[in-house]
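There are 2 protein chains.
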Amino acid sequence: MSLARFSLNQATTKRWPMDETVAGCVASGVPGIGLWRDQVADHGLDRTASLVRSAGLTVTSLCRAGFFAAPDWKDDNRRAIEEAVVLGAPVLVLVSGGLADGSRDIDAARRWVGDAVGELVPFAHEAGVRLAIEPLHPMYASDRCVISTLRNALDLAAPYPSEDVGVTIDTYHLWWDDDIWSQIARAGEEDRIACFQVADWITPLPEGVLLGRGLPGTGCIELRRFREAVDATGYTGPIEVEVFHEDVWSRPGDEVLKETLALYTEHVL
Amino acid sequence: MSLARFSLNQATTKRWPMDETVAGCVASGVPGIGLWRDQVADHGLDRTASLVRSAGLTVTSLCRAGFFAAPDWKDDNRRAIEEAVVLGAPVLVLVSGGLADGSRDIDAARRWVGDAVGELVPFAHEAGVRLAIEPLHPMYASDRCVISTLRNALDLAAPYPSEDVGVTIDTYHLWWDDDIWSQIARAGEEDRIACFQVADWITPLPEGVLLGRGLPGTGCIELRRFREAVDATGYTGPIEVEVFHEDVWSRPGDEVLKETLALYTEHVL
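Protein chains in written order, with the numbering used here: chain Y, 1 to 269; chain F, 1001 to 1269.
Calculated directly from the structure, the hints in this document are not laboratory data.
Watch out, some of these pointers could steer you wrong.
[Claimed, not checked] Label-pair restraints from in silico Cβ distances:
1. R1047/F with A70/Y: 54 to 60 Å
2. W181/Y with R1047/F: 47 to 53 Å
3. A1185/F with E255/Y: 48 to 54 Å
4. W181/Y with D1143/F: 19 to 25 Å
5. A1004/F with A70/Y: 42 to 48 Å
All values reported here derive from a predicted model rather than from experimental measurement.
The beta-carbon is built from N, C-alpha and C at its ideal position, and this holds for glycine as well.
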């Protein structure tokens, strides 16, 4: 099986210590890793950077910044861009955050996301880090991400150079959208695909609705069709598997990685 | 306060017996009621019809038919149309159902919804009942309703006469959509608004995600903006309040109705 484009987003193996995760990727022939800021901070930024570099792993993305309704959003996002530089991550994933406290004006919240991204563009450009606006599933619109569709993410990215601002396409968040195939094609035409993440949708959703993602093939999403649609735009970049599920997290990381690679080959490639 | 367009969808007071619900509406000056088939069946179809008729209540809709992946979908939907006739309900709300067992082909499921609605059109036309395709929130796409956007519902309705096939606009299901305002305008231009339902979105979602709807004003949806946008299309029909929440259901029906009317006046009118 070809793992040339595979990247393990470390959210999938959230409790696997950083050094074991990196060693496990190397042992399995995994070429790429998507890092999370909290896990990087736990291990140490410089230590993580040298660990992945000496292991020969490619960092495919850093998750995540954004949350533009927070008072310290600008400082935090600038720090995230600096962290991406240290880690050699070409892409910083942005989750916009929800409505401002007590506000019902979601249109205003979306406009603000566009403006805030614009304020970050000079820093990102200077740093050589591409910002990737990620639409999240509409069930998170009130509290985590007011950007719910790929169309909206592309509209907000449009004013800025595509080398500085792209989008994240995550199957879990977008599979339900009847407009998704034309928006993926549009994302390719506008050269905005900065990050491609794969997780499956399993039914029913668990309590809390944050941890319902399944490993590839365990749910109802046409994952191969997504991969083919993204590839049809000319995208040849990494394919990250990013799964959030308590049952996955509670298993040994190397076992999860092994299963993930098999399922990726069967259902995504 | 003007209740001229108000309709109590009886899902809001799910455990209020039918005769008490009808008496409570009359006592509060509520002119309309949205009925549910299971509650109608519990009370008896003919008995319910004569109860609401002698009370002078207008039946604004019957919920619900659809579920086109079920083996007996056609018989069940024809029965629902007949029930609507007996009850004097001008509108039958259709919830499409989810993916067929074991299928991942959501595009095929959507095409089938369009075809199935088409098969019902002659019966509905003959009966004088308008079918109202309801898009549900995308978190229900796999198991309850593959139609997640107003745009998709309008696309599927398009081949059929607007007097026979319309759509249901429910704030709870559609509020997150960045395309919603233009699609509401389109729904008006195409004369498809058959039913308008109001509920609020409260955060966080409860376990099971079915019962998270709030009374008007208790959540983050711009309800008045929705009502104004629907009215701006020329729609002058009923405004149903339809809330699903255990905390609402566990309270006495007359108390819930009283609060609902106050919140409707404050947040919707």
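Here is what the structure says about each hint:
1. Judged by the Cβ atoms, the range 54 to 60 Å given for R1047/F and A70/Y holds: they are separated by roughly 57 Å.
2. A hinted range of 47 to 53 Å holds for the C-beta pair W181/Y and R1047/F, which are about 49 Å apart.
3. Between A1185/F and E255/Y, the C-beta spacing of about 53 Å keeps the proposed range 48 to 54 Å intact.
4. At about 22 Å, the beta-carbon gap between W181/Y and D1143/F stays in the expected band of 19 to 25 Å.
5. Against the hinted window of 42 to 48 Å, the Cβ-Cβ separation of A1004/F and A70/Y comes to about 44 Å, which satisfies the hint.
The structure fails none of the hints (numbered hints given earlier).
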